[in-house]
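Chains as they are written, first to last, in this note's numbering: chain A, 1 to 193; chain B, 1 to 99.
You may find that some hints are simply not true.
[To be verified] Listed below are the simulated EDC-like cross-link pairs for lysine to aspartate or glutamate, each with C-alpha atoms no more than 20 Å apart in a straight line:
1) B:K37 - A:D89
2) A:K161 - A:D89
3) A:K92 - A:E158
4) A:K161 - A:E86
5) A:K121 - A:E54
6) A:K121 - A:E31
7) B:K14 - A:D53
8) A:K91 - A:E158
9) A:K95 - A:E158
10) B:K65 - A:E54
11) B:K72 - A:E31
12) B:K14 - A:D89
13) A:K88 - A:E158
14) B:K37 - A:E54
Bear in mind the hints are in silico, worked out from the structure with no lab data behind them.
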Amino acid sequence: MSASTATNTVETEPMLAPHGRLGMWMFLASEVVVFGGLLASYIFARLRHSSWDEFASQTMTSIGCINTVLLLTSSLFIVLSHHWAERKDIKKSGKYMLWAILLGVLFLVFKGYEYQHEFAKGITPLTNLFWSYYFFITGLHALHIVIGLVINALTLREIRKGQNLQRVEVAGLYWHFVDVVWIFVFPLFYVAS
Amino acid sequence: MSSDQVDMGHLTPKTYTIIWAILLGLLFLSLFAGMVKSPVLATVMIFGVAIIKAVMVMFYYMHLKVEIVYVKVAVLAGFLALFFFVVGVYPDVVGQFSK
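Required output: the full structure, derived from the provided sequences and hints.
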């Protein structure tokens, strides 16, 4: 078999996905274990401490709700950016990516306000185990948001250059995952009180 | 569409927007569930809604529904690892309860 024939065989293999997308899915699968393990650990601990209901009632549900709306809307904008990137509409793709980034920044602003409010009440990660879980899990999630924003900003630059538009999908996968994590963080810390 | 892209079939901006509206509706349903007096019913509703929302995002926004089998296996492996972790530590948790 000649080299060119072998290459063609690989390219037309229907079971293969682009390395970037497949790699991102593999990474996200490992993240499922990280966040899932943390949340499962929190649930087990909370089952043992009925007094945590009182602490959970002190979290700012309104801010958590606003942040959920922001992330869900941001996810919509990312998927729309991907939709238009596939159709080579750079202008629309860039516009939606920019909106997704702005909503992500707004999420962090609200999160910062929430932390500031809690610190002002004397609540810190060292207050008790509930608040340790709260600050660690929401802080790790916020760190993922920051990383996502950097990835999205770099992707926006590529969109504006009209290059590497396939990266919009990969960046979107990461952003949607961060959204999925928040979907579970929100009820655990803000609603189930 | 190039060969390296997922065939998203019928998914259009309108479909994505409808899914977003449903997700927002489910968010308000979970807030309502938080006010239900029965703790068991409230917990089931809150986490049931969260699971539905997560599946919708994964299936429609992440296109997992139409992904190739390798990706589905990778995701399933992640959830299986998590499942075995939870099952593995559960006896210890029950043991702590009984003390």
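These are the hints, each one checked on the structure:
Proposed proximity of B:K37 and A:D89 is contradicted: the alpha carbons are some 50 Å apart, above 20 Å. Only pairs whose Cα atoms come within 20 Å are accepted, and A:K161 paired with A:D89 is accepted, the gap being roughly 12 Å. At most 20 Å may separate the alpha-carbon atoms for a hinted pair to count; A:K92 and A:E158 meet this at roughly 14 Å. With a C-alpha separation of about 15 Å, the suggested pair A:K161 and A:E86 falls inside the 20 Å cut-off, and the hint holds.
Our distance criterion of 20 Å between C-alpha atoms is met by A:K121 and A:E54, whose separation comes to about 15 Å. With a CA separation close to 32 Å, the supplied pair A:K121 and A:E31 exceeds the 20 Å bound. Using a Cα cut-off of 20 Å, the hinted pair B:K14 and A:D53 is violated, with the two alpha carbons roughly 40 Å apart. The suggested pairing of A:K91 with A:E158 holds, with an alpha-carbon distance near 12 Å, which does not exceed 20 Å.
Annotation: proposed proximity of A:K95 to A:E158 holds, straight-line Cα distance about 13 Å (limit 20 Å). Proposed proximity of B:K65 and A:E54 is contradicted: the alpha carbons are some 40 Å apart, above 20 Å. The hinted pair formed by B:K72 and A:E31 meets the criterion: a straight-line CA distance of about 15 Å does not exceed 20 Å. As the CA atoms of B:K14 and A:D89 are separated by approximately 17 Å, the hinted pair is consistent with the 20 Å bound.
This hinted pair checks out: A:K88 and A:E158 have alpha carbons roughly 12 Å apart, not beyond 20 Å. A hinted pair counts as satisfied when its Cα atoms are at most 20 Å apart, and B:K37 with A:E54 qualifies at roughly 16 Å.
Hints 1, 6, 7 and 10, counting from the list given before, are not met by this structure.
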